[in-house]
Amino acid sequence: MIELDTFLVAIAAGDPDAFGRWVAGAERPLRESLRGFATRVDTEAVLQEALLRTWQVAPRVESDGRPNALLRMATRIARNLALDEARRYRATPLEDAPEPAHDPTPEAPDPMLRRHVLECRDGLPKQPARVLGARLASGGAEPDETLAERLGMQKNTFLQNLSRARKLLAACLEKRGITLGGLR
Amino acid sequence: MKPADRERLIAATTSAHRERDPDGRAKAHPAWHDLDEAGRLGAFDETLRLRTLEAATDPEGLSTTARAVLARIRGR
Numbered sequence: 001m002i003e004l005d006t007f008l009v010a011i012a013a014g015d016p017d018a019f020g021r022w023v024a025g026a027e028r029p030l031r032e033s034l035r036g037f038a039t040r041v042d043t044e045a046v047l048q049e050a051l052l053r054t055w056q057v058a059p060r061v062e063s064d065g066r067p068n069a070l071l072r073m074a075t076r077i078a079r080n081l082a083l084d085e086a087r088r089y090r091a092t093p094l095e096d097a098p099e100p101a102h103d104p105t106p107e108a109p110d111p112m113l114r115r116h117v118l119e120c121r122d123g124l125p126k127q128p129a130r131v132l133g134a135r136l137a138s139g140g141a142e143p144d145e146t147l148a149e150r151l152g153m154q155k156n157t158f159l160q161n162l163s164r165a166r167k168l169l170a171a172c173l174e175k176r177g178i179t180l181g182g183l184r
Numbered sequence: 001m002k003p004a005d006r007e008r009l010i011a012a013t014t015s016a017h018r019e020r021d022p023d024g025r026a027k028a029h030p031a032w033h034d035l036d037e038a039g040r041l042g043a044f045d046e047t048l049r050l051r052t053l054e055a056a057t058d059p060e061g062l063s064t065t066a067r068a069v070l071a072r073i074r075g076r
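So the protein sequences, as listed, match chains C and W.
Quick note: the first sequence uses this note's numbering, first residue 1, plus one each step.
Quick note: the second sequence uses this note's numbering, first residue 1, plus one each step.
Please note: incorrect hints may appear among the correct ones.
With a Cα cut of at most 30 Å, we get these calculated DSS-like pairs of lysine-lysine [claimed, not checked]:
#1 K126(C) with K155(C)
#2 K27(W) with K167(C)
#3 K155(C) with K2(W)
#4 K155(C) with K27(W)
Cβ-to-Cβ under 8 Å is the rule here; a few derived chain W residues that face chain C [as the list claims (entries may be wrong)]:
#5 R6
#6 A11
#7 R18
#8 P22
#9 D23
#10 E37
#11 F44
#12 L50
#13 T52
#14 E54
#15 T57
#16 T64
#17 A66
#18 R67
#19 R72
Ranges of calculated distance between the beta carbons of each label pair, as one might list FRET restraints [said to hold, decoys possible]:
#20 T6(C) with M1(W): 42 to 52 Å
#21 K2(W) with D15(C): 44 to 54 Å
#22 P22(W) with I2(C): 17 to 27 Å
#23 I2(C) with K2(W): 41 to 51 Å
#24 S63(C) with M1(W): 43 to 53 Å
#25 R90(C) with P30(W): 10 to 20 Å
These are calculated hints, taken from the structure and not from any lab test.
No residue lacks a Cβ here, since even glycine has one placed at the ideal position from N, Cα and C.
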């Protein structure tokens, strides 16, 4: 486990770069905390809103002596947002709302994973590599329709190439004994 | 739902791009609404895998989700 509250003072002072470093460690446990809502709300949209609100409330968060106070706050924000969204869709009676199993636990990044992923990415066929590269370069700023058009592809072709890229990467990594957090 | 249709919808849902409602809140992806329960669980897992790959290849360890949020914070 890593302690992400080392960024809290800088985040509270309004440093977005520090928040980025916090998000790099917090995103995965936050996302996983929403797994129980996956059939009821679009967890990607909820997660993005939760991260924005975490940034907004960070100046008021104080360490309570336990690790990762900001991440625990973010987890509560995400859960409440997910409940709000589920209510809007009338999908989740409150008594069925899933509770996180335990406190979120951020892990340090694995430097070997980066090297293996880059090597596997370099071995992708041209079209899947272009599609994956376009998604990465866009950073979520543009819809797939725009990215596909820029690459001269139909949207369906774009999406097929994306799925192919992910499967080829996963197969390449698996040959190296790597599964993505136990996910295949 | 045909497997190919489900796979296409899942791939679409893994994008970090989300339109916003009039209050500025991120809206659910249109493809997510078209998925059945199994597809939504598949989309969750597929997004988790993709974000792990994205963060692993990013020099700052940021996924496209993180980049999208930081762009909003910075007003871009």
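Right, here's what the structure says about each hint:
no.: 1; hint: K126(C) with K155(C); verdict: holds, 17 Å
no.: 2; hint: K27(W) with K167(C); verdict: holds, 28 Å
no.: 3; hint: K155(C) with K2(W); verdict: holds, 18 Å
no.: 4; hint: K155(C) with K27(W); verdict: holds, 20 Å
no.: 5; hint: R6; verdict: violated, 11 Å
no.: 6; hint: A11; verdict: holds, 4 Å
no.: 7; hint: R18; verdict: holds, 5 Å
no.: 8; hint: P22; verdict: violated, 14 Å
no.: 9; hint: D23; verdict: violated, 10 Å
no.: 10; hint: E37; verdict: holds, 5 Å
no.: 11; hint: F44; verdict: holds, 4 Å
no.: 12; hint: L50; verdict: holds, 6 Å
no.: 13; hint: T52; verdict: holds, 5 Å
no.: 14; hint: E54; verdict: holds, 6 Å
no.: 15; hint: T57; verdict: holds, 5 Å
no.: 16; hint: T64; verdict: holds, 4 Å
no.: 17; hint: A66; verdict: holds, 4 Å
no.: 18; hint: R67; verdict: holds, 3 Å
no.: 19; hint: R72; verdict: holds, 6 Å
no.: 20; hint: T6(C) with M1(W): 42 to 52 Å; verdict: holds, 46 Å
no.: 21; hint: K2(W) with D15(C): 44 to 54 Å; verdict: holds, 48 Å
no.: 22; hint: P22(W) with I2(C): 17 to 27 Å; verdict: violated, 38 Å
no.: 23; hint: I2(C) with K2(W): 41 to 51 Å; verdict: holds, 43 Å
no.: 24; hint: S63(C) with M1(W): 43 to 53 Å; verdict: holds, 47 Å
no.: 25; hint: R90(C) with P30(W): 10 to 20 Å; verdict: holds, 19 Å
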